[in-house]
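Let the hints inform the model, and build the full structure from the sequences given.
Protein sequences appear in the order of chains A and B.
Residue numbering for the first sequence is 0 to 110, as defined by numbering that gives the first Met the number 0.
Residue numbering for the second sequence is 0 to 490, as defined by numbering that gives the first Met the number 0.
Treat the hints with caution; some may be incorrect.
[Unchecked claim] When the alpha-carbon atoms are kept at most 20 Å apart in a straight line, the in silico SDA-like pairs for lysine to any residue are as follows:
(1) B:Lys485 - A:Ala104
(2) B:Lys160 - A:Gly81
(3) A:Lys22 - B:Lys152
(4) B:Lys160 - A:Thr83
(5) A:Lys49 - B:Val183
(6) B:Lys362 - B:Met381
(7) B:Lys160 - A:Thr99
(8) A:Lys22 - B:Thr446
(9) B:Lys152 - A:Ala70
(10) B:Lys152 - A:Asp100
(11) A:Lys22 - B:Arg103
(12) B:Lys160 - A:Leu20
(13) B:Lys160 - A:Ile78
(14) B:Lys160 - A:Phe87
(15) B:Lys443 - B:Leu89
(16) B:Lys160 - A:Lys49
(17) B:Lys160 - A:Tyr17
(18) B:Lys152 - A:Ile78
(19) A:Lys49 - B:Tyr178
(20) A:Lys49 - B:Gly184
These are calculated hints, taken from the structure and not from any lab test.
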Amino acid sequence: MELIMAIAVGVLFTVGVYLILSKSLLRIVLGTSLLTHGVHLLLLTMAGLKRGAAPVLGGQADTYVDPLPQALILTSIVISFGVTAFFFVLAYRAYQAHGTDEMDAVREEKQ
Amino acid sequence: MNNLVVLPILIPLCTAVLMIFLKEKVLLQRLISVFSGVLNVVLSCILVSRIDGNGIQTLHMGGWAPPYGIVFVGDMFAALLVLTASVVSLAVLLYSFGSIGVERERTYYYTFFHFLLVGVYGSFLTGDIFNLFVFFEVMLISSYALISLGGTKLQLREAPKYLLINIVSSTLFVAAVAYLYAAVGTLNMAHLSQRVAEAGQGGVLNVIAILFLIVFALKAGLFLFFWLPGSYIAPPAAVRALFGALLTKVGVYAMIRTFTLIFVNDPDFTNGWIAWMAAVTMILGALGAVAYNDIPRILNYNVVVGVGFVAFGLASGTSDALNGAVFYLLHDMLGKSLMFILGGLIIAAEGTDQLKNMGGMIKRYPLLGWSFFVMALALAGMPPFSGFPGKVLIIRGGLDSGMLTLSLIGLGSSLLVLYSLIKVFRLAFWGNEPGTEQPKVRLKGGTAVAAGLLVLVMMMGLGAEWVNSYVTQAGDVLGSPELYIKAVMKE
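Here it is, written out as structure tokens:
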């Protein structure tokens, strides 16, 4: 199971990096969100995917899954959500100011 | 157990929240900001003296003993950095009153300012690697807001790049934490250090160490500094001073902490990497500082050189070099904020940042001119000023551990730093004024702030013996991680 997850994470990273290297700012923002998806899955996978009950103490399970990475992922998701929202608005404002979302065109513009 | 450790984080946090409600009342915002800034300076002085008397201070959040809870650790290194950061931020705060403009002040400038400080102090004081990530994000998100606040065309061009590079490095940080958690199963730094030592720092842990090095190098501008000179020209001078003095230094702090506490068992490998990165950083930074003819870029490349120098101290790893790195880091925070404030004043006075349009300023602004001159000497490391003791210790440590080439590069970069800053001094202050007589611009107290910082830089150089008694305590903990582990894991 970990192997499949590792491959999925690898694909997400590949696509994310490819999108980040493209010219359009919108694709770049999408690339960063794919990258953060990949890293959250990685956090879940690296802590081990052994079978166990959900980490809620009500049930009478013998084993539980590790609750720590879930808390870390929750924290990281919220942070990356905030950052992505800011990035989208910034991209929109940059588009308004420069009239283009091509990063090359923005760079060549004389100030 | 000591609540004093967390107060430097809590006070700016409360101030920032309070500022949200005082959006339109600019005068009140300024008053409260100064009050909170002064309070933090006083508190960090108390923290330093407490550590001086009683050793490393720890606070278990919520009463959960480490490694299960989050622990805040105030050792001498962290406390000295908090003290310096609070002094620097107070100076930048006073400088921003006259320079930042009411429009920005009305749009939550002070809120973001204090949230940035929360992130900086939190990164210095935390003892948990994921908590370090969260404080990094607090700092970075505030810096995203500060770099784009105002929304000029230049800012909207540079801010997306700055965001992108920091999002990528934060993602790598989380990946590195995930790998480390899988390898040793803990997040507390002291416990990590023990576990990594037990596991013997083999191939996998070395790879994780290098991943951390890449993450912190991206944040600190060590070798991977390609984003820094461009991004730091966008925001106004006060924000630039804050960034140049604090943001990269947090990355440097994290690097020093990681490679003196956690990944200490294979120093030849990790220090080898840090050494060549430091060498390339010093060379490229110095070349960049010499190459440009506009003030912001020259100053930005000087930040890069400073980071390379501290990394050199970390790479040679002798006790002299570690003391030197701590001393130089403290000096660098003061010196770089002074440098950006003086640079901002020159740009404000002349209305341009191109050196070719300047000249003859010494007649109109003698105090500003001689302050800049002394600052240039201090940053290059001339003996009576604060840059000298740190550089001597780092170079001595480098020679002791047989890094002759790196020591020579360090000395050469100091020379180029001096050349680049004296070039600014010569072209801006000497010679004839270009064109007609220019009116004298009122600099609104900025010169006084700069003079205050300059006095501190001089005092730190003249009182180096006294400062060094604290710095060696910081260096001792860095040199022997078991002191840190014992203080955190004692119960």
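These are the hints, each one checked on the structure:
1. Restraint check for lysine 485 of chain B and alanine 104 of chain A: not satisfied, since their Cα atoms lie roughly 56 Å apart, outside the 20 Å limit.
2. Our distance criterion of 20 Å between C-alpha atoms is met by lysine 160 of chain B and glycine 81 of chain A, whose separation comes to about 17 Å.
3. Using a Cα cut-off of 20 Å, the hinted pair lysine 22 of chain A and lysine 152 of chain B holds, with the two alpha carbons roughly 19 Å apart.
4. Only pairs whose Cα atoms come within 20 Å are accepted, and lysine 160 of chain B paired with threonine 83 of chain A is accepted, the gap being roughly 14 Å.
5. A threshold of 20 Å between alpha carbons decides the hint, and for lysine 49 of chain A with valine 183 of chain B the separation of about 17 Å falls inside it, so the pair holds.
6. Straight-line distance between C-alpha atoms of lysine 362 of chain B and methionine 381 of chain B comes to about 26 Å, which puts the hinted pair past the 20 Å bound.
7. Using a Cα cut-off of 20 Å, the hinted pair lysine 160 of chain B and threonine 99 of chain A holds, with the two alpha carbons roughly 15 Å apart.
8. Note on lysine 22 of chain A and threonine 446 of chain B: the hinted pairing is violated, with a Cα-Cα distance of about 44 Å set against a maximum of 20 Å.
9. Annotation: proposed proximity of lysine 152 of chain B to alanine 70 of chain A is violated, straight-line Cα distance about 39 Å (limit 20 Å).
10. Pair hint lysine 152 of chain B plus aspartate 100 of chain A holds up; C-alpha atoms about 13 Å apart against a cutoff of 20 Å.
11. Between the alpha carbons of lysine 22 of chain A and arginine 103 of chain B the distance comes to roughly 31 Å, so the proposed pair goes past 20 Å and is violated.
12. As the CA atoms of lysine 160 of chain B and leucine 20 of chain A are separated by approximately 12 Å, the hinted pair is consistent with the 20 Å bound.
13. A threshold of 20 Å between alpha carbons decides the hint, and for lysine 160 of chain B with isoleucine 78 of chain A the separation of about 19 Å falls inside it, so the pair holds.
14. Restraint check for lysine 160 of chain B and phenylalanine 87 of chain A: the C-alpha separation of about 13 Å stays at or below 20 Å, so the hint holds.
15. About 16 Å separates the Cα atoms of lysine 443 of chain B and leucine 89 of chain B, which keeps this hinted pair within 20 Å; it holds.
16. Between the alpha carbons of lysine 160 of chain B and lysine 49 of chain A the distance comes to roughly 40 Å, so the proposed pair goes past 20 Å and is violated.
17. For the suggested pair lysine 160 of chain B and tyrosine 17 of chain A, the alpha carbons sit about 16 Å apart, so the restraint of at most 20 Å is met.
18. Between lysine 152 of chain B and isoleucine 78 of chain A the CA atoms are separated by roughly 27 Å; this puts the pair beyond 20 Å, and the hint is violated.
19. For the hint linking lysine 49 of chain A to tyrosine 178 of chain B, the alpha-carbon distance of about 17 Å falls within 20 Å, and the restraint holds.
20. Between lysine 49 of chain A and glycine 184 of chain B, the direct Cα distance comes to roughly 15 Å. Compliance with the 20 Å bound is thereby established for this hinted pair.
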